[in-house]
Amino acid sequence: MDPLLLGVIVGLATIAVLMSGISVGVGLLTVSALFLLIFDGSRSLQMMPEIFFGDLNSFTILSIPMFIVMGAAIASTRAGADIFEAIERWLTRVPGGLVVSNIGACALFAAMSGSSPATCAAIGKMGIPEMRKRGYPDTVAAGSIAAGGTLGILIPPSVTMIVYGIATETSIGRLFLAGLVPGVMLAGIFMLWSIFATWQAGGLEVFQARSYSLRERLEVLPRVLPFLIVVGLVLYAMYGGIATTSETAAVGAVACLLMAIVIYRMWSPRAIWGVLRDSTRESIMILFIMAAAGVFAYMMSSLFITQSIAAWITELEVNRWVLMLIINIFLLVAGFFLPPVAVILMTAPVLLPILEAANFDPYWFAVILTINLEIGLITPPVGLNLFVINSIAPEISLKTILIGSLPYVLCMVLAIVLLCFFPWIATALPDALMGPMIGG
Amino acid sequence: AAKELRLSHQFAVGDLRHKVAEMVASDVAAADVDLEIRIFPASSLFKANDQYIPLTRGQLDMTLFPLSYAGGQQQVYNLTLFPGLIESHEHAKRVNESPFMDEIEKVLNEDDVMTLVRGYLAGGFASVDGCVRRPEDVQGKTVRAAGKGFEEMLEAAGASIASMPSSENYNAMQQNILQALNTSSSSFVSFRLYELAECYTPATDRALWFMYQPLLINKTTFEDLTPEQQQALLDASARAEAFYAEEAAKEDAASVEVFREAGVEIAEMSDEDYAAWQALAEESSYRIFAEEVPDGQRWLDLATAVE
Amino acid sequence: MSGQTVAVPARHGGDPFVRTVHAISIFCGWLAAGLLVASLLITCQMIFVRAVMGQSTIWQTETVIYMVITGVCLGLSYVQLVRGHVNVDLLPLAMSPRIRFAWAVTIKLVTVVVIALMAWYSFDVLHQAWSRNWRSPSVWAPKIWPVWAAITAGFAMLLLQLLSDLYALLRGIDQPFSLETT
Ligand code: NA
Ligand code: NA
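Residue numbers (this note's numbering), protein chains in the order written: chain D, 3 to 442; chain B, 258 to 564; chain S, 760 to 941.
Hint data in this document are derived by calculation from the structure and do not stem from the laboratory. Just to be clear, a hint being listed does not mean it is correct.
Said to hold, decoys possible - Derived list of chain B stretches under chain D, where covered just means 3 residues or more per stretch with a C-beta under 8 Å from a C-beta of chain D: (1) 295–301; (2) 304–311.
Unchecked claim - Taking lysine-lysine pairs in the DSS-like style, the calculated list, with each CA pair at most 25 Å apart, reads: (3) B/Lys-363 with S/Lys-902; (4) B/Lys-276 with B/Lys-350; (5) B/Lys-363 with B/Lys-507; (6) B/Lys-304 with S/Lys-867; (7) B/Lys-363 with B/Lys-476; (8) B/Lys-276 with B/Lys-260.
Unchecked claim - Anything over 10 Å on all C-beta distances counts as not near chain B; from chain S, calculated: (9) Val-796; (10) Val-845; (11) Leu-850; (12) Leu-922; (13) Leu-928; (14) Glu-939.
Even for Gly, the Cβ is constructed at its ideal location relative to N, Cα and C.
Bound conformation, chain D alone (with noise of 0.2 Å):
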């Protein structure tokens, strides 16, 4: 059969299963079995675990639960609500001095944090409530926080970062710097946006500020501070040259861990296993996916479906930026569905050698990819971050969430369409850190 043909059929069969409602990382499995088995043969078949042990067999991998680990610490303590009242309390006078807060303290803990649904509960647990209170309409409060958490992939450290890496072979340091920049941006987009649309639902009243002394405002300060040096401390770690990304995470996630447990008492036997458990299901979930994903991309290379997509968009000969439309409105279909580790292992393999044939930057792609892909977690029908908030704002409906998030895709778009204009955005700062970028 042809290549692209059968290519086609295990779109259709992939999107099929995926809907079924069997979890993603077995659905994944479910095709790469069945296509291995008729057209490669069980010989194919038997090779399964193996490919999956091949797909964990990496130290970089680890970073991947070492980050998440960290974050769940974070998110134990009430770090994330005094990050918030630090951030309020300083910026007060700013004009929606509260929602800008808010998504100042999502951009700060995703610093701190690898993924996005953490984000979006740290902050949005304390941040929602308080924003109601003070006459914000619920559209805002519950979006700017679905919307601010995003920036947890997006603002080093990143989860999706770290497998875009692993499935491209490019550095993970240098992806990471990529995407600082556009998070700041982003996080700024998303703070005029919140300050217009509260505007134009409450008038102004809604921006009176509470007024906060010197004195109340150094001292929040002490109980934020030794996070922010973490984290300083492991940024220095990756770029300072002591240490690969995988070590320092584990680093940061152990001082994590014991600065959650000094710091906020977290003593007691259950708040630790509860942490520990929370990371330990989200990273065997994430993982099971990435290697599940790897099964699936051994069994499109097996079959020369991904060699023939991809000479076949380069022969098509489109403009490139024709070319980066189609690939924009694929993702942002996949991501719609599909969480953003399985859609970068499913697609990293055919879009590689046809960005690299476009002389597209792959440091640049990846910011791109990971802001398509953020818009995935504020979108219907797989939608983490929009779950995330109406289990931590029950009070909120999901249509609410849901209309409130959307202007926010806008945001992205407008991000992305800025990042295509001026692509320096992205590639400027691991340029100056580390020198012009080499290889292809």
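Since chain D is already given, all that's left is putting chains B and S with the ligands on it; use the hints.
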């Protein structure tokens, strides 16, 4: 339809080893014996370390890979990347024809694998912090070697061994986590390590580092081919082997040129330096091999018997 | 929020078989968490030994990798128990209760078959790694069969948890896709 064989390897499309695989594939296609070889380059099917087991089980038909990567399955394969065992490309040619390699072939055959193209590639050291000439030069440095025998020798020289995937080499060296590394002349160039290195100790008319990287096929798969197909494959392999040996020798000089142009200092090992490494290897990797591997001394004697 | 359908962790409904399987899965979850913590500590030890003591690190990298692989596989059943494996439940949510039940049984059966395949072929590799004495190719060269034993055990445990889920579903102890109306 024509019978299709799948060949997997880890190297980039521009690499010499891909050219060898391509040569066999195109010669077999030209022989018109209803046989087609489909190449999966750059680890697009199996990762570098994960090719031997599927090959032994007939799940993969052919591979071109460093045999020492399978040292965990057959410990004697570690001898195909061993410090000071081979001195020059001329010597490597003689080793290829020696009883030692015939014995290795027997071990491969027991795993249902046979060799189509034999070939050794030479390599050296690149470092970001002083030149590596003698064992003392790696003391206290973190080094990545590419095989058990080398790692044992470097450890005996007082180096820290970092085991990281080859894809992290460039970044590790850039971040100064790795101060020196050992790989083949071809890989030095394809990894673009000349952009980072301060000093390069290449393979010249004599080298410490030779790695066996043959083209292998599953034996049962081969035996199931028609006699015409087998003959076409063997003929193509013989031509590729000659090309491989010739080009392998050129790669060393070519890599020196690339490093020199990038402004990297080129270091040379004197006779005395070379002897110091050999003495160190004798008391580390050679001794450990003889102790750990059943029949290890006999294997070492066989391998070192080649003049 | 009333009238909303949410996925909840598996219920055992007092059934001894289901309870036993749940207890084993929880134990596996503890093991997985323990392995994760141990791998964190070993990584820190490795950095200390290399950066502070300036010594060679031989066994740590591989140990940590194998511990995490072991942890991931052993923890699969625990994550299944707490419904931590994400899925797209759009279609099941749109179904009428009876169709949803039949559909849930079908999906469970498919999952059981695929995981059984994984368990069986893992055992196949375990057998080879054991009988041929396979080692890792590193300078430390540990035997590789214990990792495969853990992978096999992990998939087997997941299979057991899935069978218990199927049983609970058929007995009406648990709801299809664990979806419950709150
Ligand atoms: Na982050
Ligand atoms: Na979505």
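For each hint, the structure was consulted:
1. 295–301: It holds: at least three residues are needed, and the segment 295–301 of chain B offers 3 whose Cβ sits within less than 8 Å of chain D.
2. 304–311: holds (count 5)
3. B/Lys-363 with S/Lys-902: holds, 24 Å
4. B/Lys-276 with B/Lys-350: holds, 20 Å
5. B/Lys-363 with B/Lys-507: violated, 31 Å
6. B/Lys-304 with S/Lys-867: violated, 32 Å
7. B/Lys-363 with B/Lys-476: With Cα atoms ~12 Å apart, B/Lys-363 and B/Lys-476 stay inside 25 Å; holds.
8. B/Lys-276 with B/Lys-260: Cα-Cα ~22 Å, so holds.
9. Val-796: holds, 23 Å
10. Val-845: Given a closest Cβ separation of 27 Å, the condition holds.
11. Leu-850: holds, 34 Å
12. Leu-922: S/Leu-922 is indeed farther than 10 Å from all Cβ atoms of chain B, at 30 Å.
13. Leu-928: holds, 36 Å
14. Glu-939: holds, 43 Å
Violated hints, listed in ascending order, are 5, 6; each of the other numbered hints is respected by the structure.
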